[in-house]
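Make the full structure from the sequences, and use the hints.
At position 130 of the sequence shown the residue is numbered 131 (the numbering used here), and the sequence of numbers has no breaks.
If you're looking for bench data, these hints aren't it; they were derived computationally from the structure. Quick reminder that beta carbons are idealized off the backbone N, C-alpha and C, glycines included. Please note that a few of the clues may not be correct.
As the list claims (entries may be wrong) - Derived lysine-lysine pairs resembling PhoX-like cross-links, with alpha carbons at most 25 angstroms apart:
| # | residue 1 | residue 2 |
| --- | --- | --- |
| 1 | K8 | K89 |
| 2 | K8 | K113 |
| 3 | K141 | K126 |
| 4 | K93 | K126 |
Claimed, not checked - Per label pair, the in silico range of CB-to-CB distance:
| # | residue 1 | residue 2 | range |
| --- | --- | --- | --- |
| 5 | Y164 | E132 | 14 to 24 angstroms |
| 6 | N134 | Y110 | 20 to 30 angstroms |
| 7 | L81 | V112 | 39 to 49 angstroms |
| 8 | A160 | S140 | 15 to 25 angstroms |
| 9 | D82 | K5 | 36 to 46 angstroms |
| 10 | V112 | R162 | 33 to 43 angstroms |
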Amino acid sequence: MLDKKVKELINQQINKEFYSAYLYLDFSNYFEAKGLDGFANWYKVQAQEERDHAMLFYQYLHNNNESVTLDAIAKPDVVLDSDMTVLKAGLKHELYVTSLINDIYAAAYEVKDFRTMQFLDWFVKEQGEEETNANDLISKMELFGSDPKSLYMLNGELATRVYSAPSLVL
2 MLDKKVKELI NQQINKEFYS AYLYLDFSNY FEAKGLDGFA NWYKVQAQEE RDHAMLFYQY
62 LHNNNESVTL DAIAKPDVVL DSDMTVLKAG LKHELYVTSL INDIYAAAYE VKDFRTMQFL
122 DWFVKEQGEE ETNANDLISK MELFGSDPKS LYMLNGELAT RVYSAPSLVL
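Written as structure tokens, this is what we have:
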């Protein structure tokens with residue numbers, strides 16, 4: 002059995018990961034409306050990743066004979082008024098998710114739940130990658146976003162991103 006606090010935090014994380022998927026679909030929708038299909042694609046792929054992250058936490062609870070409580074998913078409340086606002090909101094959100102993963106890890110560490118810590122190791126690494134990707138996107142937009150031809154090329158680059166399901170073994 003999982004520690005009560007660890008189970009509660011993991012259960013909350015499921016909801017947070019589904020919210021992340023909603024948020025990134027909202028970002029994708031913003032870029033679709035602007036005609037930036039590459040940016041829209043990048044965030045659609047991001048939404049798929051977040052959905053799968055939720056399902057990994059979901060399955061982990063079930064694999065440990067714990068029930069899952071699904072809560073309502075909040076509507077994204079970020080005001081999307083510029084391309085850079087969207088990108089910076091993405092980075093801010095990833096930093097927030099990292100703090101949530103760290104909180105679960107700390108709770109598992111406190112009760113010497115090594116199995117959960119090992120499970121979370123993948124997410125710790127993944128969050129480092131997510132933060133780097135978000136930072137890189139901001140840097141590229143700062144460098145190229147004000148030039149229409151460069152923005153077109155960056156949009157084309159982002160259009161090539163494809164979804165790859167996580168290979169985490171539960």
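Here is what the structure says about each hint:
Restraint check: the Cα-Cα separation between K8 and K89 comes to about 31 angstroms, which exceeds 25 angstroms; the hinted pair is violated. For the suggested pair K8 and K113, the alpha carbons sit about 14 angstroms apart, so the restraint of at most 25 angstroms is met. Taking the CA atoms of K141 and K126, the gap is near 23 angstroms; set against the 25 angstroms cutoff, the hint holds. For the hint linking K93 to K126, the alpha-carbon distance of about 17 angstroms falls within 25 angstroms, and the restraint holds.
Judged by the Cβ atoms, the range 14 to 24 angstroms given for Y164 and E132 holds: they are separated by roughly 19 angstroms. Checked against the hint of 20 to 30 angstroms, the C-beta distance between N134 and Y110 comes to roughly 27 angstroms, which is consistent with it. A C-beta distance of roughly 40 angstroms is found between L81 and V112, which places it inside the suggested range of 39 to 49 angstroms. Separation of A160 from S140 is about 19 angstroms and conforms to the stated range, judged on CB atoms against 15 to 25 angstroms.
Taken as a hint, the range 36 to 46 angstroms holds for the pair D82 and K5, whose Cβ atoms sit roughly 42 angstroms apart. In this structure the supplied range 33 to 43 angstroms holds for V112 paired with R162, their Cβ-Cβ distance being about 39 angstroms.
Comparing the model with each earlier hint shows a violation of hint 1 alone; every other hint is respected.
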